[in-house]
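Once you have looked at the hints, place chain B on chain A.
Protein chains in written order, with my numbering: chain A, -6 to 483; chain B, 180 to 636.
These aren't lab readings, by the way, just hints derived from the structure by calculation. C-beta atoms are modelled at their ideal positions from N, C-alpha and C, and glycine is treated no differently.
Think about it this way: if two alpha-carbon atoms lie no more than 25 Å apart in a straight line, the pair counts; the simulated SDA-like pairs of lysine to any residue are:
1) B:Lys527 x A:Ile131
2) B:Lys595 x A:Tyr155
3) A:Lys147 x B:Phe583
4) B:Lys527 x A:Asn17
5) B:Lys527 x A:Val8
6) B:Lys527 x A:Leu150
7) A:Lys151 x B:Leu450
8) A:Lys147 x B:Pro530
9) B:Lys595 x A:Ile154
10) A:Lys16 x B:Pro530
11) A:Lys147 x B:Lys463
12) B:Lys527 x A:Phe9
Listed next, the stretches of chain A that the computed footprint assigns to chain B, with coverage defined by at least 3 CB atoms under 8 Å from CB atoms of chain B:
13) 132 to 143
14) 156 to 162
15) 165 to 177
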Amino acid sequence: MILSFLLFWPLLTSVFLLLVKLKNAKEIALFASIVELIASIVIISQFTKSADVQFIINIPWIRSLGINFSAGIDGISLLLVLLTTVLVPFIILSTFGSSEKRSSSFYGLILMMQMALIGVFTARDGFLFYIFWEMALIPIYFICLIWGGEGSGKITLKFFIYTLAGSLFMLVALVYLYLQTPDAHSFDIDALYSAGRSLPLQEQSILFWAIFLAFAIKMPVFPFHTWQPDTYTVSPVQGTMLLSAIMLKMGIYGVIRWLIPVVPMGVQQWGNVAIILSVIGIIYASCIAIIQKDFKRLIAYSSIAHVGLISAGLLTLTRIGMQGAMIQMLSHGIVVFASFYIIEIIFERTKTRDLSELGGIRNVAPKLASVFLVVMMGSVALPLTSGFVGEFLLINSLVQYQMIIGAIAGLTIILGAVYMLRTFQKAMSGETNKTTVGFFDLTSQEKIVLYPIVILIVAIGVYPTPLLEISEAAVNNLLVIVSDFSASVK
Amino acid sequence: MNALYVICGLGFLSLLAEITNLKKGLILAIIPGIIAATILMVMDWNTTIHYYSDMLVFDNFSVAYTTLILVISGVWFWMSGAYFKDQPHQTDRSALILFAMSGAIIMVSFANMAMLFLGVEILSISLYVLAGSTKESLLSNEASFKYFLMGSFATGFLLMGIALIYGATGSFAILDIAAYIDTNSFVLPGFFYVGVLMMLVGMAFKISAVPFHFWAPDVYEGAPTTITAFMSTVVKIAGIGAFYRVFSYIFFPVQSSYIIVLQTITVLTLLVPNVTAVYQISVKRMLAYSSVGHIGYILLAFISNSITSSGTVFYYLASYSITSIAAFSVLNEVEKNKGALGFDGLYKRNPLLAVVMTISLMSLAGIPPLAGFFGKYMVFTQAISNGYSGLVIIAVITSLIGVFYYFKVIIAMFVKPNNGLPISLSVSTSILMILLLILILAIGVFPDMLISLLSRK
Chain A
-6 MILSFLLFWP
4 LLTSVFLLLV
14 KLKNAKEIAL
24 FASIVELIAS
34 IVIISQFTKS
44 ADVQFIINIP
54 WIRSLGINFS
64 AGIDGISLLL
74 VLLTTVLVPF
84 IILSTFGSSE
94 KRSSSFYGLI
104 LMMQMALIGV
114 FTARDGFLFY
124 IFWEMALIPI
134 YFICLIWGGE
144 GSGKITLKFF
154 IYTLAGSLFM
164 LVALVYLYLQ
174 TPDAHSFDID
184 ALYSAGRSLP
194 LQEQSILFWA
204 IFLAFAIKMP
214 VFPFHTWQPD
224 TYTVSPVQGT
234 MLLSAIMLKM
244 GIYGVIRWLI
254 PVVPMGVQQW
264 GNVAIILSVI
274 GIIYASCIAI
284 IQKDFKRLIA
294 YSSIAHVGLI
304 SAGLLTLTRI
314 GMQGAMIQML
324 SHGIVVFASF
334 YIIEIIFERT
344 KTRDLSELGG
354 IRNVAPKLAS
364 VFLVVMMGSV
374 ALPLTSGFVG
384 EFLLINSLVQ
394 YQMIIGAIAG
404 LTIILGAVYM
414 LRTFQKAMSG
424 ETNKTTVGFF
434 DLTSQEKIVL
444 YPIVILIVAI
454 GVYPTPLLEI
464 SEAAVNNLLV
474 IVSDFSASVK
Chain B
180 MNALYVICGL
190 GFLSLLAEIT
200 NLKKGLILAI
210 IPGIIAATIL
220 MVMDWNTTIH
230 YYSDMLVFDN
240 FSVAYTTLIL
250 VISGVWFWMS
260 GAYFKDQPHQ
270 TDRSALILFA
280 MSGAIIMVSF
290 ANMAMLFLGV
300 EILSISLYVL
310 AGSTKESLLS
320 NEASFKYFLM
330 GSFATGFLLM
340 GIALIYGATG
350 SFAILDIAAY
360 IDTNSFVLPG
370 FFYVGVLMML
380 VGMAFKISAV
390 PFHFWAPDVY
400 EGAPTTITAF
410 MSTVVKIAGI
420 GAFYRVFSYI
430 FFPVQSSYII
440 VLQTITVLTL
450 LVPNVTAVYQ
460 ISVKRMLAYS
470 SVGHIGYILL
480 AFISNSITSS
490 GTVFYYLASY
500 SITSIAAFSV
510 LNEVEKNKGA
520 LGFDGLYKRN
530 PLLAVVMTIS
540 LMSLAGIPPL
550 AGFFGKYMVF
560 TQAISNGYSG
570 LVIIAVITSL
580 IGVFYYFKVI
590 IAMFVKPNNG
600 LPISLSVSTS
610 ILMILLLILI
620 LAIGVFPDML
630 ISLLSRK
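Extracted from the complex, chain B is given alone in its bound form:
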């Protein structure tokens, strides 16, 4: 909980920094602040304290997810120095990111539907603005507008769902709702199920599961690359966390009413984005589709068993977001270099960037012994042990399609003729790249600590 205070405090501090002219030192304050918040969060492990009349609860689930959010955000601030440096509205930007982070933390630790809604809104409204933060760019404006329209539409669904469930069960508190469902599972009114489905639709929008994903590629492509990186990592973690909490903690007893819908969504989320990604020319857009595709694997683990999959889902998310932020860091550096187009011949221009990108793409494709492979392996094991072998075959085929489009980038980096000047990296970026590389390898080779963190059996 203290971590949430720190993050909110940092947000206000950034706003004040604009007035007091402390802009330059701001980033220097934010990174230690995030590190402090992470430490405070880890100290909450195994405490499970309820706050504000049971509005928020920091159980091990939320501690793990919040820590992941904080770590990834810390890395994000590290990689996106240029997004703040010498840019207008620098303090607004950092404040918005920090508020988005606090929204994300609330989303993974709510104990009350009202807090879920608040968390979703705090996160989303910040992001609507951030997606349009390159004001001169038409694409960025378009992204912001699309995101806002689709996002508020989805929020409407979510809110309506919450209202219907409140009508049926008489409570916003998730424990009360779960208890009510448990005791009255045969006399629940029809509109309760409508409410569950509406919440499913609302949450599916937020995690961009197919067929509610149409906003994602355009928004990801139009938004500034750093914001895209934030959206495809931190926001995904928060979305999955909230999704998991809602559907595993509350609605598990009535799973039979929506499982078919969720299975269909899973199959579509595996197939559609992976196939579409093959046809993309822009690496950024390809990564956008791939991030939607990875949601499919997480959903596959989730539907196979919403209770025992917590360790698998968390590991997959952690490996995915670390790998993804590495890939986006490279993309960010490559885009900064205006003289050269794209990834062609990157290995000659900067071997470190090319190697980091290669390792991240191979991890996303699920090649052992990298982190992404372990995630996929655990998803497959989870699904097969619960009798979802058919879906695993689909997932195997989509991973193969994944290899195809990820490796197109790798081939371009190593084989295509070099079409630009060498890219030079700052020392801090180089350190970040090497650090991410080691992380991807380390959690791939020693996955045990992350897996056993959240295993519920």
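Here chain A stands alone, though its shape is the one from the complex:
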């Protein structure tokens, strides 16, 4: 019941905002997203820490094709639902101080996006998952297209076609799996799991690549990342936040839920290649980030590096790798949201994102500089920040997997420190110049957004256990399924 509310409340408010043009749309959207946050808190309070799927909805939808409207929450889903419901109110809040007025449809699209994201994270029917997966693409496409900067048409079309290409191959793979289920076929997640596992290695390998492609494009993993920097740069900042903080987690979640348990043999066969691609992505993106002048682009590339580490750790199929991925998804979401918001604040005041033109912001805006310092620490994974827990677990899992890969992936911390500290130095320290001289410190509205985020970054870093506990049982269960399977094959 409460899960239905979680799914349909944002949809209802979104349709309302799209149809009715209101002056105070942002207040309504904020209210809707806070109600959603409260609902998700209710879910946490009722959630029992076991591997079971809870809050199940299961309604027949298209009977003749064996498709059900089936959703439920386990520990893995819960963390991501929580990430979504926490960040969306902040994303909406971040528009409050902006000089540009956003129309009612803008907020409607954000809420529609929220509904689709929660749907992706909770769907337990292959077809439903696909529908939500695509539905998430439509609002973000229009947010980036209509409110995007110069050249948004071309860039967002590339983004759209790229991601759609991936998803269509995933659709073909899902249909193939569906046809392997026993007669009167079904898209139910368990039916697809057992259908996928019973396939021979060769077919599992093909399915692995077909499905992995969709997730790899979404994350994005090298070499499928070429849409990402341009799209992040051209989008309005709320679009970038949605894309980087939440939407790319769809790809990682997809790997956990719809790839590893479906074709375990395929993952074991080809996981190595995927890990190497991810690690290449880490180094490649970090190196490009070092030479970026555009602040937003720099964070876009750093995001590729962070996600590469998550996907590599995940595919080691170890408990610490998975748990590291879970916690790092949350941490990355929060940190990247804060980074983009700080960039937007600087851009609003100086009208530039070029690092070489900035400087000395610390002298005029010490509060902003301290907030940025904490966010940066989180990003480079300093101990006692949220980034540390995740990256430590992930790199640890990679070292156990293969020493050399772990060592190379570990470079991400050093390279990350290089580009982030360089950024801090260029933007914040030094002499105040003529672009930054009129800079004023955080307004109270900006503080409302940034201070809780800073607290979260530190709190997760100091005491991550409650979050790790939420997903632990579900992750263990998943690994048992995978290892049971490989044991039975051997």
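Okay, now just chain B, sitting in the frame of chain A:
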């Protein structure tokens, strides 16, 4: 069957209206007439009555297709008020459309090759005239002439095919032909197969499958937009219906003799129009190519299994024609507005039109949860389950190309600077637009009723 009488009766009524000076009330008579015909048709569900010594049969297949034809035609009359209002020869136009509709109904319910031929001719001859109905326009005249030449050429093939098959089997009745093929499948003469291929060519012309599609873009572009809308929806439904009846009901046992040809046609129909559409500047021409491209998906479902695909083909056709008529309605409104060129900045000029166009184009591109997505999904499932995974990969790639050209229009509507005055819509058009929007969403979200309608297993 009663529906066919009503439609023919309405046709004669329109002709008489010219003499008796009842022009103004004509449309008011036609729309209730079509609604009545639709109701009469639905009442024939599950009856399967044969008429006129087995010349026509209204089984569930024909009832479903006829209902679709009637519904789409009703919507068509609703959207094309301006095509009739204050125009010369208004009654001729409506009479021709009504006769074309009756031809279409015969094409999906024939039980005899002679009726198939009659249906094709009634439909085509009306359309030859209608395509040239903007007499002052050179393009319209060209369209009419091209359509007539190519169409009669194709009819020749069709007729020759029917004659050869008659020669081999000794009958025009489809049940007799099917029975004869069943019992004598090893002693069929060579010219029988020639006949099948000639019928295939003739029908491929009518549904504008590649490489018999060259007439389509020019005719679609030259004809008045409302007629183009009619051609790319109602005529497509009739063409596919007839095609399906011929090749699934009659020639299925000898499928191995022409399946390679049909597979080649399918691949070409998927690839050529989708690639060509990318280079089009005019939205109308782009829609023409896209409508040819959609035939490719229908053929893909058809070749994968000509028996079990009936539900899929019907669903695809229904979703395609509803979406298409929505897109053409918007195009029609945009073209009426002479002050502004094209779709640039349409969102600022009229948000409703832009939203309807966006939703229809996204549905044509196959974005969930819209109707077009479901059609594509079912085609893919149908094809994969019959081992056509390779063709599905081609179809996936062509859908991606489709996204490219459909989204170019969407981008123009939302991003390009506004270059004209706001477009105002009449109340009835606004209602129609909202209705179509709801329909596209509804059959996308609840596809079950349409799918299970014609499932033959």
